[in-house]
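Chains as they are written, first to last, in our numbering: chain A, 1 to 346; chain B, 1 to 321.
No lab work stands behind these hints, which were simulated from the structure alone.
Among the clues, some could well be false.
Unchecked claim - Computed cross-link-like contacts, SDA-like style, restricted to lysine to any residue with a CA-CA straight-line distance of at most 20 angstroms: (1) Lys205(B) - Leu172(A); (2) Lys212(A) - Arg264(B); (3) Lys205(B) - Met201(A); (4) Lys212(A) - Ala260(B); (5) Lys202(B) - Pro290(A); (6) Lys205(B) - Glu284(A); (7) Lys202(B) - Pro291(A); (8) Lys287(A) - Phe273(B); (9) Lys157(A) - Phe273(B); (10) Lys74(A) - Tyr111(A); (11) Lys212(A) - Gly276(B); (12) Lys212(A) - Met201(A); (13) Lys212(A) - Gly146(B); (14) Lys287(A) - Arg266(B); (15) Lys202(B) - Glu288(A); (16) Lys287(A) - Gln143(B); (17) Lys205(B) - Asp279(A); (18) Lys212(A) - Asp268(B); (19) Lys212(A) - Thr275(B); (20) Lys140(A) - Gln127(A); (21) Lys287(A) - Asp218(B); (22) Lys212(A) - Lys205(B); (23) Lys287(A) - Ile204(B); (24) Lys167(A) - Arg154(B); (25) Lys131(B) - Arg154(B).
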Amino acid sequence: MIAEINQTRIKEMKIELAPLLSIRDLHVWYELRRFGFGHAGYVKAVDGVSFDLAPGETVAVVGESGCGKSSLMKTILGLNTPTSGEVIFDGRNLSELRGNDLRAYRFEVGYVQQDPYGALPPFMDIQKILEEPLIISGIKDKAARLERIRKVMSEVKLHPAEDFLPKFPHMLSGGQQQRVVIARAMLRSPKLIVADEPVSMLDASVRVEILKLMHALQAEHNLSVIYITHDLSTVKYFSARIFVMYAGNLVEKAETRRLLENPLHPYTLALLAATSDPDARNAESFKEVPPGEPPSLVNPPRGCRFHPRCARAIEGLCNQQEPPDFEAEPRHFVACWLYRPGEQGQ
Amino acid sequence: MNPTSATQLLHVEDLVLHFRTGNGTVQAVDGVDFDLDANRAVVILGESGCGKSSLAKAMLRLLPRNVESYSGKVFLHGADVMTLDEEEFRHNVRWAAMSLVPQAAMNALNPVLRVGEQVAEPAMVHLGVSKAEAFLQARRMFQHVGVPEDFLSRYPFELSGGMRQRVALAMALVTSPALIVLDEPTSALDLLTQANIMNVLKRIKHELGTSFILITHDIATSSELADEVAIMYAGQIVEVGEARDFFSEPLHPYSQMLMASVPRLRSDSDPMFITGQPPSLVNLPEGCRFAARCPFRMEKCGGEPPVVRRGNRKVKCWLHV
Chain A
1 MIAEINQTRI KEMKIELAPL LSIRDLHVWY ELRRFGFGHA GYVKAVDGVS FDLAPGETVA
61 VVGESGCGKS SLMKTILGLN TPTSGEVIFD GRNLSELRGN DLRAYRFEVG YVQQDPYGAL
121 PPFMDIQKIL EEPLIISGIK DKAARLERIR KVMSEVKLHP AEDFLPKFPH MLSGGQQQRV
181 VIARAMLRSP KLIVADEPVS MLDASVRVEI LKLMHALQAE HNLSVIYITH DLSTVKYFSA
241 RIFVMYAGNL VEKAETRRLL ENPLHPYTLA LLAATSDPDA RNAESFKEVP PGEPPSLVNP
301 PRGCRFHPRC ARAIEGLCNQ QEPPDFEAEP RHFVACWLYR PGEQGQ
Chain B
1 MNPTSATQLL HVEDLVLHFR TGNGTVQAVD GVDFDLDANR AVVILGESGC GKSSLAKAML
61 RLLPRNVESY SGKVFLHGAD VMTLDEEEFR HNVRWAAMSL VPQAAMNALN PVLRVGEQVA
121 EPAMVHLGVS KAEAFLQARR MFQHVGVPED FLSRYPFELS GGMRQRVALA MALVTSPALI
181 VLDEPTSALD LLTQANIMNV LKRIKHELGT SFILITHDIA TSSELADEVA IMYAGQIVEV
241 GEARDFFSEP LHPYSQMLMA SVPRLRSDSD PMFITGQPPS LVNLPEGCRF AARCPFRMEK
301 CGGEPPVVRR GNRKVKCWLH V
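Extracted from the complex, chain A is given alone in its bound form (with noise of 0.2 angstroms):
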């Protein structure tokens, strides 16, 4: 399995190198304001979040909408301020960063959006759309900015290049899209690649390829990847760890196959029981689904956040308490009470 292969790698680096992006104890709140003035609380979107990527990692975050990912997302990108907490890269606290350094940090760190359509200007031909990174990164001889567009464009199999340069984005199949965007994530050789849903948009088997070419190049660049994702049967194919995310926290930490085959949160024993497999079993049974829906982040409730859906709540500790990170098995982290030391978990 690819993810194995990716999990021995990243087991032998762990103990050499230093993380490459270390996040301390995120927040991440927005003001609510009544009427444009006046404090009405905050929108906890993200609420206490932490972990380590080691160089060439891929970790997938995984959680429905709402639950703060892109909000963790935006603050990794450098375009969200993060309420408390730290977002550490290579050495470098990101707050603290101004300016070019700024700006040479956000070379670091490649996008690949959700929507491809949505994130290439439709005015531009592909060569400018590709140019335009190049020209403000400080590239000003044209024919090495081609140079390099022609190597990542082949990277990314978008060959010929002459073909697809003078297309504008709308002539271009979703696939080839989504490529153009990988591409322009590429340009500046980053240490690290955020993917909001990368192939959420593609045809199903469109999908496939672009996360088999996006597997390639980390491998290839040793690059450290966020996958943000809502679609658990992906993630085994492309992630070393997984983070299921709730309402603001990660609610649980493994590496991929621990995790799918030992889950131990309720809320992550949901989203699996949710995910379905093509089997024509599937239409003579109903799915177990937790009641409710998720809390709001403006008053979310008082404990574990997921206390009001789950079948196996502790009353008196899991609407009372936070619980705070067990480690459940060497490595594999689950913010849960049924897990507390001392306890069988089941």
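Starting from the known structure of chain A, arrange chain B on it as the hints suggest.
Relative to chain A, chain B alone:
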């Protein structure tokens, strides 16, 4: 010749819907045949641009202005509804016998009307019942789709996406049609909400005996409801058969490759992708439309492939002759 049997609800024969555009004729639906029995669900699976949404529009005769040709036979309860004029169709078929949940229906609710009124309206318009009776029926449908009754007096913005999708479903159900056409009913929803909606559809099928045409590109989710599967490619149905047979052994090379492209949670299969792109519906190739991407291409494939029967399955491919 009336080909319908007693249990047969729907029989579609050689349905054609072509559009006129600046680039030429778009052959969106090009000779589609399929049957559906009462209280059954057929899934029409296909990738974007294969004409599946146009098929939904053709079924309900919701046509844009640039139609070049629209023909074929659609027997509903044994009567060909294609012969009806627009007024008869609107009165007796659309909503009364067959309703549609369009793509992104949850975003198509009227923001300034309470959802109860919107759900009750089709019953008043298409069944001619009184307002009180329509609201009673709307209330009943809210129970079926799992929306609390007091939501009747809410506005769409007060409801979550999943709840709005259920409301759209209630709106399609309120006239008790025999058939509902669902166009990508779960594609914009979250995973758990998707599972919930599929549960609701299953329950409606059991409780009300409704038949469904489910149009989607999501193979895994489609298996939650499917009794039958039809695979659509470049305006045509290339394979149709029982879901059980299809999911265990797809026949058409395109179906096989499409199934192989699905990432699976519970097995370690390495998903494959299909190289190349579907042909443009403006400029269709001669013969088999999948031939250019097909690993089993033969010389014969340059000619129009026949529809081959395999038990109660049908496949449009030279390989199975």
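Failing hints, ascending? 1, 3, 8, 13, 22, 24
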